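Residues per chain are reported as follows:
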Amino acid sequence: MIAVYVIVGIIVVLLVIFIAIYNRLVGWRNQVKNAWAQIDVQLKRRYDLIPNLMETVKGYMKHERETLEAVTKARNLAQQMASAGAGERGKAEGELSSALARLLAVVERYPDLKANQNFLALQEELTSTENKISFSRQYYNDSVLKYNNQIQMFPSNMVAGMTGFKAGEFFEVTTEEERKAPKVSFT
Amino acid sequence: MWEQIRSNQTRSMILVIGMGVLLLLIGYLLGIIFFDSGLGGLIIAFIVWWIMSLIAYYQGDNILLGLAGARKISHDDHPRLYNIVEEMKIASGLEKVPDIYIIDDPAPNAFAVGRNPDKAAVAITSGLLQKLNRDELQGVIGHEIAHIKNRDVLLMAISSVILGTIVILAWYATRFMFLGGMGRSRRSSSSGGGGGQIIILVVAIVLIILAPIMAQLIYFAISRKREYMADASSALYTRYPEGLASALEKIAASTSQLKSANQATAPMYIMNPFRKEGRPASNLTSTHPPISERVRILRSMAGASFTDYEQVYQQVHGVGKGVIPASALALSHPTSLRPAEAEAAPQEPNKTGRARETSDLMWRLGNYKTITCDCGTKLRVPPKFKEPTVRCPHCGRINPV
Numbered sequence: 000m001i002a003v004y005v006i007v008g009i010i011v012v013l014l015v016i017f018i019a020i021y022n023r024l025v026g027w028r029n030q031v032k033n034a035w036a037q038i039d040v041q042l043k044r045r046y047d048l049i050p051n052l053m054e055t056v057k058g059y060m061k062h063e064r065e066t067l068e069a070v071t072k073a074r075n076l077a078q079q080m081a082s083a084g085a086g087e088r089g090k091a092e093g094e095l096s097s098a099l100a101r102l103l104a105v106v107e108r109y110p111d112l113k114a115n116q117n118f119l120a121l122q123e124e125l126t127s128t129e130n131k132i133s134f135s136r137q138y139y140n141d142s143v144l145k146y147n148n149q150i151q152m153f154p155s156n157m158v159a160g161m162t163g164f165k166a167g168e169f170f171e172v173t174t175e176e177e178r179k180a181p182k183v184s185f186t
Numbered sequence: 000m001w002e003q004i005r006s007n008q009t010r011s012m013i014l015v016i017g018m019g020v021l022l023l024l025i026g027y028l029l030g031i032i033f034f035d036s037g038l039g040g041l042i043i044a045f046i047v048w049w050i051m052s053l054i055a056y057y058q059g060d061n062i063l064l065g066l067a068g069a070r071k072i073s074h075d076d077h078p079r080l081y082n083i084v085e086e087m088k089i090a091s092g093l094e095k096v097p098d099i100y101i102i103d104d105p106a107p108n109a110f111a112v113g114r115n116p117d118k119a120a121v122a123i124t125s126g127l128l129q130k131l132n133r134d135e136l137q138g139v140i141g142h143e144i145a146h147i148k149n150r151d152v153l154l155m156a157i158s159s160v161i162l163g164t165i166v167i168l169a170w171y172a173t174r175f176m177f178l179g180g181m182g183r184s185r186r187s188s189s190s191g192g193g194g195g196q197i198i199i200l201v202v203a204i205v206l207i208i209l210a211p212i213m214a215q216l217i218y219f220a221i222s223r224k225r226e227y228m229a230d231a232s233s234a235l236y237t238r239y240p241e242g243l244a245s246a247l248e249k250i251a252a253s254t255s256q257l258k259s260a261n262q263a264t265a266p267m268y269i270m271n272p273f274r275k276e277g278r279p280a281s282n283l284t285s286t287h288p289p290i291s292e293r294v295r296i297l298r299s300m301a302g303a304s305f306t307d308y309e310q311v312y313q314q315v316h317g318v319g320k321g322v323i324p325a326s327a328l329a330l331s332h333p334t335s336l337r338p339a340e341a342e343a344a345p346q347e348p349n350k351t352g353r354a355r356e357t358s359d360l361m362w363r364l365g366n367y368k369t370i371t372c373d374c375g376t377k378l379r380v381p382p383k384f385k386e387p388t389v390r391c392p393h394c395g396r397i398n399p400v
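Chains G and Z are the protein sequences, given in the same order. Using numbering that gives the first Met the number 0, read the first sequence as starting at 0 and increasing by one per residue. Using numbering that gives the first Met the number 0, read the second sequence as starting at 0 and increasing by one per residue.
Since the hints were derived computationally from the structure, they do not count as laboratory data. Given the structure is predicted, the values throughout are model-derived calculations rather than measurements. Note that CB positions come from ideal geometry on N, CA and C, so glycine has one too. Hints may be right or wrong, so weigh each one.
[To be verified] Just the calculated beta-carbon pair ranges, DEER-fashion:
1) G:Pro154 / Z:Ala354: 55 to 61 Å
2) G:Gln79 / Z:Asp359: 39 to 45 Å
3) Z:Ile208 / G:Gly8: 40 to 46 Å
4) G:Gln79 / Z:Val315: 48 to 54 Å
5) Z:Phe45 / G:Ser82: 26 to 32 Å
[Stated by the list, open to error] Far from chain Z, some chain G residues (derived; all Cβ distances over 12 Å):
6) Pro50
7) Met80
8) Tyr138
Construct all of the structure, not just a fragment, from the sequences and the given hints.
In structure tokens, the structure reads:
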């Protein structure tokens, strides 16, 4: 009789541990999802800001057609990739980031533009959006790392394996250009 | 995330419980002195504490912001500040952007309030807005957001309420004693209580006088711990401890004093607002760790993670004396610092530009209208001004309001 109680007791304890680990894993996974949504919001915000920027800049930058076109093209491409996975999307967004950086670098040559209030406000929004993208990416990657660690570490890896938790994908901006991009200073 | 918050709390919780015990003790002693019954005193102490807690919970942030004379701003009032707060909200993983308040005061300082992360606010002085550049402001806002994220704000509110209750009870107790309100106990002791009761009475009086000081020391100890933790979190969010370090230096170098702070609200600020007039903050500030030490730790960090902070902290304070809870360290992973210029920085106004920007903001918040005359003079029109036109005192042109 005692043996039965002991076995039932052990099963109950194991079950409780299993449920606790499972719930924690769900918590981690939701945090990853949530963090991804944050990145998404900021990337969309950037798509929305670019047409405004183009409108403002167009009148001043007569000789920079190529630079402007590159930005528009990169933006449209990135928008098309919006439903792709973190890896591919990172590449497209990286292109857009470097195209924008090039554009903002040539602004230096247009003092009239630099004095335009509208442009200054847009520039603040755009650069802050860039920061927000990198902060949300930072938070997302931290969350993915913690989540993946949980999935791979004992004992939560057993629960994760049984209930089908998949490792998260890091969001890296992987363009060669982006990595080498020289720092653009606007002062 | 939850484990981190929970274990952050355990150490501080012990201190808070210590304050609670002190409060019960003082209530009990009051009861013995005035009513001959410890229970009555306990009940009174409990009622006072309960009322103050309710007020603090539901009205605390409004009272604090009101006392400081803080005014709420939106994105359009100061886009850069608003964006920085939003950036730090994203980096910390908070759900909601805290409300942003400005205090019109040249002394640079900042604090955070709010009973939970959904009802939080950060307040910064106009002096801070004027003195700090973008990176520095980011560091300070990161520190304040960390207070919200780590639930320090609630913890400090709880302990400041206990402190306040102890101070009030002790204050009234001493007043009554000097006014001869001890009639009851005197009578009872003379009716045959003997020497033992007199000793208890003396001990009780001494304790009642000492309790507020003890409570304050505990309060400051809680506060100091949370400051280190918030510094470490800010470094982690921004990946750039240098920003906060240089901001702290600028704040410490300032000699102006915050007008609206008082002893109870002091630990909430990023920097102790009380220091000798006309002198830079010294290392003796008790609500906050010494600035020079905070700066030194931030500057010596090899990476941006909690582990890096902990390592430097132990170098300063001796091995084994950690400040970051073990569970937070367990989740910490190597994170590199961001190079000084790696982040996108918009064309940033210089010192004069920031001063102009801030004063524009303060006038606007006071409902003044700003008209720029053709000669370049800025006319500030008060809200009471009803005339349709105003004459520029500089060049004499007539400007429509």
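Verification of the supplied hints:
no.: 1; hint: G:Pro154 / Z:Ala354: 55 to 61 Å; verdict: holds, 59 Å
no.: 2; hint: G:Gln79 / Z:Asp359: 39 to 45 Å; verdict: holds, 42 Å
no.: 3; hint: Z:Ile208 / G:Gly8: 40 to 46 Å; verdict: violated, 56 Å
no.: 4; hint: G:Gln79 / Z:Val315: 48 to 54 Å; verdict: holds, 52 Å
no.: 5; hint: Z:Phe45 / G:Ser82: 26 to 32 Å; verdict: violated, 59 Å
no.: 6; hint: Pro50; verdict: holds, 19 Å
no.: 7; hint: Met80; verdict: holds, 21 Å
no.: 8; hint: Tyr138; verdict: violated, 5 Å
Checked against the numbered hints listed earlier, the structure breaks hints 3, 5, 8; every other hint is satisfied.
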